[in-house]
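Chemist: Make a model of the complete structure from these sequences and hints.
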Amino acid sequence: MAEFQNFTLNFGPQHPAAHGVLRLVLEMEGEVIKHADPHIGLLHRATEKLAENKPYNHSIGYMDRLDYVSMMCNEHGYVLAIEKLLGLEPPLRAQYIRVMFDEMTRILNHLLWLGAHGLDIGAMTVFLYCFREREVLMDCYEAVSGARMHATYYRPGGVARDLPDSMPQYQPSPYRSDSELRRMNEAREGSLLDFVEHFTDYFPGCIDEYETLLTDNRIWKQRTVGIAEVSPERAVALGFTGPMLRGSGVEWDLRRKQPYEVYDRLDFQIPVGVNGDCYDRYLVRIEEMRQSVAIMRQCVDWLRDNPGPVQADAPKVVPPKREVMKHDMEAMIHHFKLFTEGYSVPEGEAYAAVEAPKGEFGVYLVSDGANKPYRVKIRAPGFAHLAAMNEMVQGHMLADVVAVIGTQDIVFGEIDR
Amino acid sequence: MSEHMAKLAEALQSRFSDAVVSHAPATGEVTMEAPVAQYRDVARVLRDDPGFAFAQLSDLCGVDYLAYGDAEWTTEDSTELGYSRGVEYYQGEDDPERDSPQRFAVVCHLLSLEHNRRLRLRVYAEQTQFPVVPSVVDIWPAANWFEREAFDLFGIHFEGHPDLRRILTDYGFIGHPFRKDFPLSGHVEVRFDPDRGRVVYQPVTIEPRVTVPKVIRAARGQTPSEPQEAGRDG
Chain W
1 MAEFQNFTLN FGPQHPAAHG VLRLVLEMEG EVIKHADPHI GLLHRATEKL AENKPYNHSI
61 GYMDRLDYVS MMCNEHGYVL AIEKLLGLEP PLRAQYIRVM FDEMTRILNH LLWLGAHGLD
121 IGAMTVFLYC FREREVLMDC YEAVSGARMH ATYYRPGGVA RDLPDSMPQY QPSPYRSDSE
181 LRRMNEAREG SLLDFVEHFT DYFPGCIDEY ETLLTDNRIW KQRTVGIAEV SPERAVALGF
241 TGPMLRGSGV EWDLRRKQPY EVYDRLDFQI PVGVNGDCYD RYLVRIEEMR QSVAIMRQCV
301 DWLRDNPGPV QADAPKVVPP KREVMKHDME AMIHHFKLFT EGYSVPEGEA YAAVEAPKGE
361 FGVYLVSDGA NKPYRVKIRA PGFAHLAAMN EMVQGHMLAD VVAVIGTQDI VFGEIDR
Chain Z
1 MSEHMAKLAE ALQSRFSDAV VSHAPATGEV TMEAPVAQYR DVARVLRDDP GFAFAQLSDL
61 CGVDYLAYGD AEWTTEDSTE LGYSRGVEYY QGEDDPERDS PQRFAVVCHL LSLEHNRRLR
121 LRVYAEQTQF PVVPSVVDIW PAANWFEREA FDLFGIHFEG HPDLRRILTD YGFIGHPFRK
181 DFPLSGHVEV RFDPDRGRVV YQPVTIEPRV TVPKVIRAAR GQTPSEPQEA GRDG
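Residue numbers (this note's numbering), protein chains in the order written: chain W, 1 to 417; chain Z, 1 to 234.
Rather than coming from a laboratory, the hints here were simulated on the basis of the structure.
Keep in mind the model is a prediction, meaning the values are calculated, not measured.
Heads up, the beta-carbon is just placed ideally off N, CA and C, and yes, glycines get one too.
Just so you know, not all the hints are guaranteed correct.
[Said to hold, decoys possible] Label pairs and their in silico Cβ distance ranges:
(1) Z:Tyr171 to W:Lys326: 50 to 60 Å
(2) Z:Gln38 to W:Leu398: 41 to 51 Å
(3) W:Val274 to Z:Arg44: 29 to 39 Å
(4) Z:Asp48 to W:Leu398: 37 to 47 Å
(5) Z:Phe130 to W:Gln269: 27 to 37 Å
(6) W:Glu180 to Z:Ile174: 57 to 67 Å
(7) Z:Arg44 to W:Gln14: 36 to 46 Å
Modeler: This is the structure we're talking about:
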């Protein structure tokens, strides 16, 4: 009988299932993985160093580009850290808007995760379904900020502007009939809130569709049940957060445990898994989408009834309105100083964390009293998850690596920063 | 919540007499600065003592305090000299404080799921030429990659780390890019050399520049929304 030696296999960085630029060096024994060594940093852009060389507000846009499938949640973490140091609280309406968009972002993220995860382990159709709904949510992003992905919408002291009263509509085109056009524009007649409400009405039905495709699917279960089990104690020790931690049965959600913004006023449930395998993490994320829809609906109802300001009354931080600048010298000066120099943040340090779709997204900010942060450290949830890659795939087959990358919901924008 | 944290600060101070514990009521955060010699003992107690039970290490990062509090543009000088806003790019290489002690620190953010509270633990590396801090990988396994990152970006050596390699920078990278004396534009750039038919490294050809100078205005403990009094910091 022939002797086989262990061999090493290069997985990525150019591999469709590597979710970007992951290079995995796998030490294999036959088809069983003995050791996995992820090489990261191929997307390293030194976001933190760039942020240290710019006034505070200039870096909000960089945050979108960290985890580029949950854009506004990243902004939220950064903005919260600044607000914590400034001692600034945004108006209630801005807090509801932020929560609504955070939950929208969670659905956006989970849809991409579900589509990509499904595609990776052989379920083609669900990808197309997921991207159909993502498009609708991206339209909401665009309506409110002008950008489909990198919104730069949250600002210290509130959000950039109030929700629009109208939605952009599809234009007539030789490629679609009038009836088709009417059908497409049906939900877009009203305001953004009407559009979001319409989405919350039909989206639970879409989740049912995804579940029909996957939850009891024999192939799906063979690929995920019992794969990469993590015990609750180990998950905590490895620094897991978000669905990765809840999938192992630890009931820990910052929205509930350390509520920020208005999460303590909203009614929602925290799903947890039992076995801590890929299948449980899948179920947790599916249920999170349902809870997110419920939260969005509550926000829509509140926002409809409560108009008001969306930026704090803090002229040293929040730029003045254009019409005020026309007659108020003081506002003119504030505008000039804010846009040439920025605002100075009191000396100190703060760590602010939000429950991003992938887990705890934290920003550690050190200020020496200047108009630029002295040190920014971004605590990306995926970084801790990928660090546990080796432990999760050891003893599994090569094909399960793809399932583990999928279940970890890896996005390199945040891991490499 | 603030009372809860104040109690934690008290408990920490009485348990670790050599450490400096501070509680910032404005942010509701507790920071503990421990001597580097006791770092591992402190970490172990923080994890295992049921009164603290910091089971999770959320984050670990390096901080370089070289340029802390150095403004690039001061109002008074600049007003006397005229209206030019041009400033010199911060030349970290010439900073006389480069080798001063207490330049590098390691900051851990700990989370206790049981008590639902966070703690910031800071240790300063003793030397600056060759900063060394003991590793806490065996206490919190999550520290593994975070320490590799701090080593890569700041050159802080973690004694006892099982696998201290670079993690984020390129293969064969020279220097520690997040140190304050490392220029933002770096030292080398790459381009394709058609003559040699491959990618080559060369010294950077761009001039470092400052678009918005660093200005220190906010005085200690003051929020900018409050009216500012005379006698500012800078």
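Chemist: For which of the previously enumerated hints does the structure constitute a violation, in increasing order of number?
Modeler: 5
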